[in-house]
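Chains as they are written, first to last, in numbering that gives the first Met the number 0: chain F, 0 to 825; chain P, 0 to 145.
Please keep in mind that the hints were generated in silico from the structure rather than gathered at the bench. None of the values given here were measured: they were computed from a predicted structure. It is possible that part of the hints are untrue.
[Unchecked claim] Below, in silico cross-link-like pairs of lysine-lysine (DSBU-like), each with a Cα-Cα straight-line distance of 35 Å or less: (1) F:Lys-402 to F:Lys-460; (2) F:Lys-460 to F:Lys-637; (3) P:Lys-80 to F:Lys-610; (4) P:Lys-80 to P:Lys-107; (5) P:Lys-142 to F:Lys-594; (6) F:Lys-471 to F:Lys-585; (7) P:Lys-107 to F:Lys-594; (8) F:Lys-725 to F:Lys-816; (9) F:Lys-764 to P:Lys-107; (10) F:Lys-679 to F:Lys-816; (11) P:Lys-83 to F:Lys-617; (12) P:Lys-80 to F:Lys-725; (13) P:Lys-83 to F:Lys-764; (14) F:Lys-679 to F:Lys-594; (15) F:Lys-725 to P:Lys-142; (16) P:Lys-80 to F:Lys-764; (17) F:Lys-594 to P:Lys-80; (18) P:Lys-83 to F:Lys-610; (19) P:Lys-107 to F:Lys-617; (20) P:Lys-80 to F:Lys-617; (21) F:Lys-471 to F:Lys-425; (22) F:Lys-123 to P:Lys-107; (23) P:Lys-107 to F:Lys-610; (24) F:Lys-43 to F:Lys-134; (25) P:Lys-107 to F:Lys-585; (26) P:Lys-142 to F:Lys-617.
Given next are the chains, with one letter for each unit.
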Amino acid sequence: MAEQPAPEWRKPIGLLVLAGFLMLAIVGASADYLRRQYRDEQTKIHAQLSSIGELKARQIAQWRQERLADAWALGRNQAFAALFQRAQVGKGEPEARALLQSWLESIWHQRVYDRIRLLDLDGKELLCIPSDLPKTSAGVLRGFRTAIALGRPLFQDFYRSEEDQRVYLSIRIPVPDPRDPQRMIGIAALRIDPSLEFYPFISRWPTSARTAETLLVKQDGQEVVYLNQLKFQADAALSLRFPLERKDLPAAMAVRGQVGVVEGRDYRGNQALADVRPIPDSPWFLVSRMDKDEAYEPFRQQVLHTILLSALLMLCIGVTIAGFWRHQRSRYFQARYAQEQELAWLRQAIARSLSEICVFDPDTLRILFANDGAVRNLGYTREELLAMTMTDVKPTQSPASFKALLAPLAAGGRETLAVELTHRRKDGTEYPVETRLQLVDRGQGLRVGLAIINDLTEHHKILDTLQFSERKFRTLFENLAEGVALHQLVLDEIGSPLDYLVLDVNPAYRRHTGLDLDATQNRLGSQLYGLEPPPYLDEFARVAQGGQPYAFETYYPPLARYFRISVISPRPGQFATVFEDITERKTREEELRQKNAEMERFTYLVSHDLKSPLVTVKTFLGYLEEDLAKQETERVKKDLLYMHGATEKMSRLLGDLLEVSRIGRVVNPPARTSFQALAKEALEAVAGSLTLRGVEVTVDEVELPLLGDRPRLVEIWQNLLENAVKYMGDQPSPRIHLGVERAGEHTQFFVRDNGLGIDPRYHGKVFGLFEKLDARTEGTGLGLALIKRIVEVHGGTIRVESEGAGQGSCFLFTLPKAIAAPGEAR
Amino acid sequence: MMGEAFVILLVEDEPAHAEIVRRNFEGFRLANRLIHVPDGQAALDYLYQQGDYSDPEACPRPGLILLDLRLPRVDGLEVLKAIKQDPALAPIPVVILTTSAAEADMAKAYEFHANSYLVKPVDFPQFVSLMDTCGYYWLAWNKYPY
Chain F
0 MAEQPAPEWR KPIGLLVLAG FLMLAIVGAS ADYLRRQYRD EQTKIHAQLS SIGELKARQI
60 AQWRQERLAD AWALGRNQAF AALFQRAQVG KGEPEARALL QSWLESIWHQ RVYDRIRLLD
120 LDGKELLCIP SDLPKTSAGV LRGFRTAIAL GRPLFQDFYR SEEDQRVYLS IRIPVPDPRD
180 PQRMIGIAAL RIDPSLEFYP FISRWPTSAR TAETLLVKQD GQEVVYLNQL KFQADAALSL
240 RFPLERKDLP AAMAVRGQVG VVEGRDYRGN QALADVRPIP DSPWFLVSRM DKDEAYEPFR
300 QQVLHTILLS ALLMLCIGVT IAGFWRHQRS RYFQARYAQE QELAWLRQAI ARSLSEICVF
360 DPDTLRILFA NDGAVRNLGY TREELLAMTM TDVKPTQSPA SFKALLAPLA AGGRETLAVE
420 LTHRRKDGTE YPVETRLQLV DRGQGLRVGL AIINDLTEHH KILDTLQFSE RKFRTLFENL
480 AEGVALHQLV LDEIGSPLDY LVLDVNPAYR RHTGLDLDAT QNRLGSQLYG LEPPPYLDEF
540 ARVAQGGQPY AFETYYPPLA RYFRISVISP RPGQFATVFE DITERKTREE ELRQKNAEME
600 RFTYLVSHDL KSPLVTVKTF LGYLEEDLAK QETERVKKDL LYMHGATEKM SRLLGDLLEV
660 SRIGRVVNPP ARTSFQALAK EALEAVAGSL TLRGVEVTVD EVELPLLGDR PRLVEIWQNL
720 LENAVKYMGD QPSPRIHLGV ERAGEHTQFF VRDNGLGIDP RYHGKVFGLF EKLDARTEGT
780 GLGLALIKRI VEVHGGTIRV ESEGAGQGSC FLFTLPKAIA APGEAR
Chain P
0 MMGEAFVILL VEDEPAHAEI VRRNFEGFRL ANRLIHVPDG QAALDYLYQQ GDYSDPEACP
60 RPGLILLDLR LPRVDGLEVL KAIKQDPALA PIPVVILTTS AAEADMAKAY EFHANSYLVK
120 PVDFPQFVSL MDTCGYYWLA WNKYPY
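Isolated chain P, as found in the complex (with noise of 0.2 Å):
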């Protein structure tokens, strides 16, 4: 269905977390590609291809962000604020994934047009079903206009 590969961004300070993520993904064979990056700057400068992200090659314009809120340097909701509020990047669904189950930063989040919210699980299990179900949710199910 999609000429190109369909890239997801995951933005993920925690290493493991990603980790977990990436393992997750690698279970479905569509042809996709999970770009991780480690905070909010890199996310943006990603997004912008800018900075250590200037390859247009190497930084194709993702399909999903999967977006943590706590980060260093520029906070995840900041993030957020800044996709939704450039025409060019609203369109893209944005996925809060984070372990915070404030209510603060869901009311913020979906201030600021998140997609979806989702909280890490602590249980195994969980994490893995939310992840395969998210996946097929986005990646199966969902349709894009691209």
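Extracted from the complex, chain F is given alone in its bound form (with noise of 0.2 Å):
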């Protein structure tokens, strides 16, 4: 099972760090920007609203000191004094009235007053604008003597109206004597209604705002009293008081001296950004205030604005980063998956697999996992299986017994074990197995034995067959008559053949070799049978390389024998050698070949030989016909001596033919006799001729045993002899010698004259069938032949020795089958 390394998981830290970064980053950023906007907008509205307040102090103190101006105007006015005393004296000039009338008016024109009173010292009314007004209150009165005893005109504050409850201001101007200006002749009162032109004028607010007003407050004992009317608070105008101490009021703290922007509570109780300070020449304070909140409108805008810039900012980089994350995970899940799939297949394979596999507890030997095939094979179902420990299906092991077997892969020193064991179905049978026991990590220092076990029922038998085979095979190979050696081919560095290696050889091939059965194992062919390079390299290497199976028949000239040699080559490389000893099937072919040559031969020549003098008869026949017709005697004597020759000749040959294919053919049985009594015999025989001729025959005297066809090795020197004596020429003191000798190893006989002698020329061909040497001899051809073929199933070779014509003859001969073994009947 190959090692998937499981796809790691990883968090994107960096990219979350990243993240965290960037939107610090962003976050750091908008701050900063909102807080130098913050100090910006701040700095703007402290610098809008003192310079409202400034503005709006010096405007109130103008239109003050206008009203001042006004009464100074009028109370020093020469002219107004002599008019209201005109008015005044007796019961008044109609004319100073209707003029004092007409200035008053004027001024009531202006609608900065909305009353204007013109009162004696008494009190007493003179004239008043306009002209149905009601009685002056008690109250004005007081304020007209103050004003008279000061001598200057008096600005009366904010108060309230006894009349109407509402609330007014009033200037209070003294009418000096035109004569005596120390005396005061009456009094103008000037009545201001706020509402008219005053809380209008300091309402009124440079910029569009909504919460944005001007308070005009000032200190009544220990508070702080509202002079005009608010735009929050319905007739606050003298009635809204707040105690001084109220650190937080911008009134109070106006009151209390403070001058410049603050920041505190407004009548309301809400947040407020007030500029206060007094007003010149007056006890007025005034206070520009604007809610917070509206101040700050703008700004909270821009906060929001850039909060939502921030955050779309960072919901960018969020989406980006979770996008990406997501991509991470889908592809990671995507590469768990895939190893899923891997592992399942695995599993599927190892759930499935034929062999047996087993998952146990190495310290318990409980089972914990088994696959099909353990299921199948043991006969359990699985949970039985999970139920029970290894041993339980191994009859032949303990739990010892077992964990001694696990004893050396525990301690390390091994990997693998293959042991082979017995298993015990439920059902009780048992069968052999091979157990592959592995001890396993699954992490935390954990081990668990792995074991592979595979049915070895079927391998059993392939190993008894092969046994068996091997057996049977190896019996053959030890008890097959051919020699068979297994070899290894020897390549050189080119890949040529260049020598083999005997792996193997059987009996036989030592045997037939007669090489030492040990010393051939691993021994280069080379230096086996010290040839370079070794015997038939060529035609082995040919079968070793090519596998086509190959068979010779050679000479192999160190054994000087004939093998037939079968090369197969069981593996590229190797190559087998089947030796037979063909020796012997060699020797018969060859003798049988010989034999049918000479057979050929023998036909040819009798068909030849036999319709020489068979045509000789024919037509001498003829001419004897014609002779006798012509009376020819002479002729006809001579026709029939030629035809008496030619029957002659054919019954001659025909005996000698009859004879020729009798050896061998027809064998006598094998008799005991020696030399000196085949030669006796021989002698007697031809007898006759040698006494005719006169020849002297002398003979060895050894006593040599010998054991054979005795009338055919008679007939040996009986012939040998005849022809000495035909061949004798005319040789005055004609000799035979038959003697005995040793050459080597063999006896060999000869037959010695000193007669004609052959012409060296003619040694190969007088053995041969129906050679003759000369024409004119009598004799068919065959009496060395048949010699020969005495001599050959002797065993023996014969040969013919002579100097050349007249130098005489001797034929040499062998016999070994005759002296081989003496003692032996064939």
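From these two lone chains plus the hints, build me the complex, please.
Listed below in structure tokens is the structure:
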């Protein structure tokens, strides 16, 4: 099972850090931006407020100045004072009254003052505008007296009218006597209705601000009192009061002497920004305030936008990272899925494996996992197996012995262990198994045993078959008559056959080759056979490399044997040779071939040599008829002579042929005899012609026992003697010697004469069938051929020695079979 | 047509067969001589005027050789081979006259440039007829450069 590393699920820490950093940067930048914006905004608002406050204060101060200036202008005016006096004297001059009336009306029409009254020192009303005014109140009158006492115009601050409960201001102007300015003759009272002009003037704000307003306050004992109408509280003038101690109240701060922009809570309790300052030359203080909320509204908008933008940015980053994360996760899970698939396949393979695969606890030997193979082979259900231990199915193992088996694995000495054990099925039957054991790390220092178990039943069967087969073939190999040798071809650097190594040989091989069996193992062919290159390397190499079996017959000179060598290649580079000693067969074949050739020649010669006299007879028969008809007696005689000779020749030929055909075919039972006995018999047979020619015969006096076809053996000497006599020529003292001598390992017989001899050119021919050297001599040419056959039948050879014509000849021959085993009957 | 006798060399080991040939050639009135040698070695000796035939007067060069195959000492085929390998002798027509009808013999004879191959018939009239035809052909019809 290939170890597939699980794809690592890496949390994108770096990414998160990056995102966090980016977000922090955004937040930081935003905050910094906002802080600066806030400062700017604050500065702007403060500047705005203070400039508005300053402007308003100046304007209010100016307004007050104007009013006082009005008063002074009227109070110091001599014309006015004169008119006032004239209107006052007696019943008053109506003209003066009218003048005053129009004068004051011109003032009233300025719409600053709502009421103008002229009073005398007694409080008697001289004139009033508008003319339908109610009677002057007592409170007003009290104020007149103060003003007259002071001798100068008196500005009466905001007060509540008893008449209509509204808030007014008024100016009392003492009117001096035109002739004596120290003496007051009356008073002019100008009432100001602030709601007409002053309040709208105060309330006016140069910018469009919803909550912005200007407050006029003054100290009244320990309280601060509001003097004007308020935007958010009706009838506040003179009625709305707060203790001076209220530290956070801008109005109180103003009264307490603070100047500039302050923050605090206004009369409604709202957070407010205010510019506070005193109005010069007055008891008033001006508070130019607006709700902090509104003041900072644009900033809040900006904050909101910034936050929104930041949030959007962060969202983008978040989305990007989340996307990337998702992508990574999906990749991870895809990889996990693929691996799962792979693992599923592997699990399937393991589960369905034909081998039994068990995982077990190496301590308790409890089976932790068993595949289908185990279930099928053992016959238990999986549940049963999982409740069992490894040794429960191994009848030959106890828990202790099994643990002992595992010991080398546990010690780490070995990686795997293969043992042949026996398994017992649920039904009690047992079967041989090969168990491969292994301890596998399952992490956390825990190890489990892994057992892969193969049923060896089939294997054992095959093994038995193989062993049987092996035995069979080994026996065959050992007992085969043919020599068998297995070789490995040895190649040189370029792959050309160089030599061969003998791997295995069977006993027959040793018998055939005479080589020591042990000495042949793993020896090079060149060493073993002492030949370089080793014998038949080319033929062997062709088979070992080509694979095509090959068989050939060969003569192996070092052993002087013929072999048939079959070469097969059991695997590339190797070859097996099967040696069959076919020397005997080869010899026989050679003999047969020779015999066949001989027979062929025999047939040919017979047909020729028999035909020849036949031609003679028939032709001379024809001549005979002619000669008889012509009565030519001499020619008739001659014709008959030729015919006679031809028939004689045929007769001899047929006799010899019969003789030749009998040799080797018709064999007389072997008989004990001796050289002396045979020589004597042969001499007796040819005694007539020897005597006739006067040949002196000598025989070696050697007693040599012989065993063989006696009549045939006699024929050898007999024929040779006849030949010697026949070709004695005109030798005056003919001699023939029959001898025996040792020639190397063989005993050699010879027949030597001092006759015509044979030209060395014809030495090879003389033993041929129907070979005659002299056409004129009698005989069929079969005599020496006959002798040669007899000699060969006795395993010997025959040859002739002769210096040449007139030098005599000597026939030498061996008869090994007749001598070899003289004590045995053949 | 010829100043001297036309010599025919008959190489034949069988005296009877030699007699047959001699009798047949007797019939021709042409001035010719039939010289008979009994074996292959004798034939070669005659042709090379050596051994028993060393007298040039007695051994004129033959105009035609009738050669048997089965001969003692030196076989007929060997004689043929010797004749045809010798430029001096090669032009002499050699007619094989033998009892052997063996194909191997014929093939060998022609291989050694025999000029003709005749098998002795067992039948008398045929043998006579063959000899007549052969005599007419080689002695009357055939033309020689010498």
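Here's how the hints hold up against the structure:
1. The suggested pairing of F:Lys-402 with F:Lys-460 holds, with an alpha-carbon distance near 30 Å, which does not exceed 35 Å.
2. Among the hinted pairs, F:Lys-460 with F:Lys-637 is inconsistent with the structure: their alpha-carbon atoms are about 97 Å apart, more than 35 Å.
3. Distance hint between P:Lys-80 and F:Lys-610 is fulfilled; the C-alpha atoms sit about 25 Å from each other, no more than 35 Å.
4. Note on P:Lys-80 and P:Lys-107: the hinted pairing holds, with a Cα-Cα distance of about 10 Å set against a maximum of 35 Å.
5. About 47 Å separates the Cα atoms of P:Lys-142 and F:Lys-594, which puts this hinted pair outside 35 Å; it is violated.
6. For the suggested pair F:Lys-471 and F:Lys-585, the alpha carbons sit about 31 Å apart, so the restraint of at most 35 Å is met.
7. Between the alpha carbons of P:Lys-107 and F:Lys-594 the distance comes to roughly 23 Å, so the proposed pair stays at or under 35 Å and holds.
8. Taken as a hint, the F:Lys-725 and F:Lys-816 pair is honoured in the structure, with Cα atoms around 30 Å apart against an allowance of 35 Å.
9. Of the supplied pair hints, the one linking F:Lys-764 and P:Lys-107 holds, its CA atoms being roughly 19 Å apart against a limit of 35 Å.
10. Distance restraint check for F:Lys-679 and F:Lys-816: the Cα-Cα separation of roughly 21 Å lies within the 35 Å cut-off, and the hinted pair is therefore satisfied.
11. In summary, the hint linking P:Lys-83 to F:Lys-617 is supported, as the alpha carbons are separated by about 33 Å, within the 35 Å threshold.
12. With a C-alpha separation of about 32 Å, the suggested pairing of P:Lys-80 with F:Lys-725 holds against the 35 Å cut-off.
13. The straight-line distance between the Cα atoms of P:Lys-83 and F:Lys-764 is roughly 23 Å, inside the 35 Å bound, and the hint therefore holds.
14. Simply put, F:Lys-679 and F:Lys-594 have alpha-carbon atoms about 32 Å apart, close enough for the 35 Å limit, and the pair holds.
15. Restraint check: the Cα-Cα separation between F:Lys-725 and P:Lys-142 comes to about 47 Å, which exceeds 35 Å; the hinted pair is violated.
16. Between P:Lys-80 and F:Lys-764 the CA atoms are separated by roughly 18 Å; this keeps the pair inside 35 Å, and the hint holds.
17. Straight-line distance between C-alpha atoms of F:Lys-594 and P:Lys-80 comes to about 28 Å, which keeps the hinted pair within the 35 Å bound.
18. About 28 Å separates the Cα atoms of P:Lys-83 and F:Lys-610, which keeps this hinted pair within 35 Å; it holds.
19. With a C-alpha separation of about 28 Å, the suggested pairing of P:Lys-107 with F:Lys-617 holds against the 35 Å cut-off.
20. This hinted pair checks out: P:Lys-80 and F:Lys-617 have alpha carbons roughly 32 Å apart, not beyond 35 Å.
21. Under the criterion of a C-alpha separation no larger than 35 Å, the hint pairing F:Lys-471 with F:Lys-425 is inconsistent with the structure, at around 38 Å.
22. Between the alpha carbons of F:Lys-123 and P:Lys-107 the distance comes to roughly 202 Å, so the proposed pair goes past 35 Å and is violated.
23. A C-alpha spacing of about 20 Å is found between P:Lys-107 and F:Lys-610, which places the hinted pair at or below 35 Å, so the restraint holds.
24. Among the hinted pairs, F:Lys-43 with F:Lys-134 is inconsistent with the structure: their alpha-carbon atoms are about 52 Å apart, more than 35 Å.
25. A distance of roughly 30 Å separates the Cα atoms of P:Lys-107 and F:Lys-585; the hinted pair therefore holds under the 35 Å criterion.
26. Annotation: proposed proximity of P:Lys-142 to F:Lys-617 holds, straight-line Cα distance about 33 Å (limit 35 Å).
Consistency note: the structure conflicts with the earlier hints numbered 2, 5, 15, 21, 22, 24.
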